Amino acid sequence: MNSIYHDAIACIKLPANGDTGAASNIPEDQQIYQHASGAGLGLDIVYVHIEDGQHIHLKKYDVQHAGYTARDLYRTGLQNLWKKSVTHLKMHKNGPIRSITTDGHLEASLLLIGELWDKRLASLAENGFIVAIPSRNTLAFCDCKSEEGIQALKDLIRRTHENAEHLLTTSLYQRQDGKWAEIKTDISVTKAETLEQAHARLHEGMLANAEVLRNIAREHFQIELDYDIGGVRWVNHFLENTYKNGSTQDHKNIILFAGAFVGQCIVRSIGGNWDWHGDDYVIRTGDGKLFSPCSKVAKQLACGQDGEDSVLGLYKVIKDMYPPVLSKAQRLLQTLYKRHADYEFHIASVLDQRLQWLRVTGMDGNLVHVQRPTEELGENDEDGAATPASTCFYLHQMRSYYVRSSNGSLVHAEGISESLASLLPDDVRKHIAADKIIRTMYHDAELRQEQSFATIRLQKYQGDSDTDDVYVIGLKNISNEKIRVQQFAHFHFEADQWLLATSLQTYYPSSEFVDWFELSSTWIKPGQEVTAIGRLGPPHTLWAFMGEAENGASFTTSLVVPAVTVPAGKRQSDAKRQRCQYYTPGRPADTEMSRILAELQLNLSRNRSGMDAEILDRIAADKPDWMEHDEPLLETILEQRRLMKEGHIVWAALVQANSLLFKEGEHDHPAMLVYSDDTHFDSRPQELRAIADQIYQLKRTEPEDHEERLVAARVTNEMDRSMGWQLPDLLTDKNVRSAAFMVFRKHIPNGILQAAVFPVLVHPATAAVMIVPVAFWPVSLTTMWRQGKLTF
1 MNSIYHDAIA
11 CIKLPANGDT
21 GAASNIPEDQ
31 QIYQHASGAG
41 LGLDIVYVHI
51 EDGQHIHLKK
61 YDVQHAGYTA
71 RDLYRTGLQN
81 LWKKSVTHLK
91 MHKNGPIRSI
101 TTDGHLEASL
111 LLIGELWDKR
121 LASLAENGFI
131 VAIPSRNTLA
141 FCDCKSEEGI
151 QALKDLIRRT
161 HENAEHLLTT
171 SLYQRQDGKW
181 AEIKTDISVT
191 KAETLEQAHA
201 RLHEGMLANA
211 EVLRNIAREH
221 FQIELDYDIG
231 GVRWVNHFLE
241 NTYKNGSTQD
251 HKNIILFAGA
261 FVGQCIVRSI
271 GGNWDWHGDD
281 YVIRTGDGKL
291 FSPCSKVAKQ
301 LACGQDGEDS
311 VLGLYKVIKD
321 MYPPVLSKAQ
331 RLLQTLYKRH
341 ADYEFHIASV
351 LDQRLQWLRV
361 TGMDGNLVHV
371 QRPTEELGEN
381 DEDGAATPAS
391 TCFYLHQMRS
401 YYVRSSNGSL
411 VHAEGISESL
421 ASLLPDDVRK
431 HIAADKIIRT
441 MYHDAELRQE
451 QSFATIRLQK
461 YQGDSDTDDV
471 YVIGLKNISN
481 EKIRVQQFAH
491 FHFEADQWLL
501 ATSLQTYYPS
511 SEFVDWFELS
521 STWIKPGQEV
531 TAIGRLGPPH
541 TLWAFMGEAE
551 NGASFTTSLV
561 VPAVTVPAGK
571 RQSDAKRQRC
581 QYYTPGRPAD
591 TEMSRILAEL
601 QLNLSRNRSG
611 MDAEILDRIA
621 ADKPDWMEHD
631 EPLLETILEQ
641 RRLMKEGHIV
651 WAALVQANSL
661 LFKEGEHDHP
671 AMLVYSDDTH
681 FDSRPQELRA
691 IADQIYQLKR
701 TEPEDHEERL
711 VAARVTNEMD
721 RSMGWQLPDL
731 LTDKNVRSAA
741 FMVFRKHIPN
751 GILQAAVFPV
761 LVHPATAAVM
771 IVPVAFWPVS
781 LTTMWRQGKL
791 TF
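Under our numbering, the residue at position 660 of the sequence shown is numbered 660, and the numbers go up by one with no gaps.
It should be emphasised that the hints constitute simulated quantities derived from the structure, not laboratory data. Only true hints are included.
Quick list of the computed label-pair ranges, beta carbon to beta carbon:
{"id": "1", "residue 1": "His35", "residue 2": "Glu614", "range": "48 to 58 Å"}
{"id": "2", "residue 1": "Leu336", "residue 2": "Glu182", "range": "48 to 58 Å"}
{"id": "3", "residue 1": "Glu614", "residue 2": "Ser510", "range": "34 to 44 Å"}
For clarity, every value in this text was computed on a predicted model and none was experimentally measured. Think of the CB as a built atom: it goes at the ideal place given N, C-alpha and C, for glycine as much as any other residue.
Can you build the whole structure from these sequences, using the hints too?
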């Protein structure tokens with residue numbers, strides 16, 4: 001017999017009528033198993049087992065596969081309830097009533113133990129019992145003929161429902177002939193108000209718990225968490241690190257604080273309220289669905305992330321289920337469709353790689369069904385399947401449409417660009433005013449204006465091709481006013497003009513800017529920089545952001561995606577390099593490493609605004625006891641704050657290190673690495689690793705070539721503290737540098753050096769480099785470190 005069911009404890013619970021009709025993202029077989037008590041109580045019974053001090057509910061799946069009958073489970077549950085309670089059972093007399101306490105969870109459930117009332121306590125109520133169970137951990141009783149006692153029980157019920165949690169019922173229960181009879185009280189009329197107050201207290205408590213996590217992140221990790229997807233990503237990262245570390249500590253507080261934070265992120269994203277589902281805290285949405293962030297946190301701590309099954313995956317799924325609020329124009333389209341069945345509706349979209357107008361055939365919630373153009377119907381694809389007659393799009397993605405009445409006259413048009421206007425029927429186009437048509441062509445001076453409100457910076461992480469390059473893009477408010485972006489787009493240059501290059505030939509709206517940059521507000525404060533990550537297209541693409549300041553002034557800020565530049569400087573001929581046995585040829589690109597580097601830069605960029613002197617001091621490592629004041633590596637100690645606030649992240653590869661760093665220890669020690677700010681290596685850290693290996697091969701050798709001999713001398717002398725020196729052309733045709741540096745244990749996972757490739761911070765004002773502190777690493781990078789995948 002499975003120990004879970006053998007140890008199951010029967011517990012009283014409010015009836016499930018508030019949950020059974022609600023839609024839930026919790027699968028049917030994973031929902032809590034419960035049934036009516038059948039004892040005249042008007043309450044339900046659930047079953048729990050205790051694991052690491054926590055009460056875990058049996059699920060429907062557990063019971064279905066246990067081989068138990070309901071009667072067997074009930075009998076076992078009652079036996080275990082008594083065994084668990086009797087050890088701590090105490091009686092307390094309070095005037096005309098008595099109360100029973102046990103473990104703080106099971107008091108009210110003792111109502112189910114018939115022997116307790118009919119035999120063990122029978123002498124305490126000659127005329128029979130009247131019992132109150134206003135909450136899970138409250139049980140009090142008196143003699144059924146004691147008017148003073150009954151009034152005291154009612155007062156207890158009222159006080160409990162005003163101040164306590166885990167409320168049950170305002171009824172009294174009378175024991176007669178071995179059965180319970182429910183007695184309704186006038187307190188029942190206040191139940192709705194009491195539940196509202198309880199939910200308010202629950203919301204306040206969960207918000208307080210979420211703030212505890214934010215304080216922990218601020219004080220111990222120097223991270224300022226917001227209630228957005230960025231905050232959820234950090235929690236996901238934190239949970240993965242905790243799981244990978246194999247921590248055996250009690251996770252109860254982590255589950256509560258992290259679950260509360262993720263729940264608050266969900267509430268702020270889609271709405272909803274905190275509620276109870278058994279002993280679990282859940283988010284109940286306006287349409288009745290239940291989401292359990294605390295359970296998801298507990299699962300991730302126990303099992304780790306499984307694909308998208310994580311708190312981040314939960315958040316993304318919920319975001320997809322509840323699309324953005326419709327714009328005014330989209331709501332108008334929806335309203336017109338509902339009210340005028342005889343109207344003709346057309347939307348603009350890209351279908352089969354062609355921009356075209358499509359006729360709407362139906363709207364179903366957020367889905368817009370459209371008819372394919374007549375000329376495409378009847379065609380077969382490569383597999384011989386006929387082209388479907390219709391397809392559908394999301395309403396919240398519709399930006400361009402027009403509506404005609406039953407007599408063919410134009411009713412309304414929205415988001416019509418010059419390109420879309422050219423595709424309209426003549427009788428529609430002639431009724432659209434010229435000033436209502438969106439421009440798609442601009443002169444250079446119109447888009448590339450002098451920047452007085454905002455500036456843009458790009459940081460490139462090279463991919464397999466120009467179109468695969470990943471960028472961290474930062475937009476900074478340099479004015480003294482709040483600003484907001486109202487629309488943005490990308491352009492390509494043709495015939496001395498910039499042409500709008502978006503697929504629908506219209507601008508992206510403000511809502512998409514907020515989503516892309518993961519903002520909690522449309523307004524950007526003075527001095528604030530917001531950042532995002534993405535592919536920006538091939539070189540020479542122009543991105544323009546158009547907006548307004550709080551004082552009403554409009555602005556346009558833009559930046560052209562740069563072309564790849566070849567590092568300047570004299571290079572040895574390819575023939576001479578190929579003859580050198582230590583030359584490292586190029587390696588294929590790994591776009592995943594480029595993406596990780598970009599995500600890392602994004603994480604750091606978003607936290608830099610909150611890095612004051614106190615936080616920087618917490619992040620920075622102290623000077624080791626062995627380090628003298630004339631030690632060259634003291635520069636690394638002193639430059640940590642500059643690197644954290646202003647440094648640029650690149651990949652580095654280990655050449656050699658003090659052997660003490662490869663095992664647990666308290667002290668930091670020096671090492672030697674190679675790195676490059678050439679974007680070629682953003683997706684090729686394995687090439688840096690190969691270069692580092694070639695340098696190490698030169699150790700304790702005396703090559704004939706002068707430049708190789710200098711490298712050999714430096715790697716052989718383990719006390720060499722040279723920083724920022726460039727490798728000779730014979731070793732690589734790229735701009736690669738080497739440096740002595742300090743490995744700060746507090747900045748790497750587990751404090752042990754177990755990788756040959758890692759991200760470092762560099763700055764043009766100093767030759768010192770430092771490993772990026774692990775608090776900013778993406779989960780994928782930390783996992784690769786722990787799994788030994790960064791050795792290449």
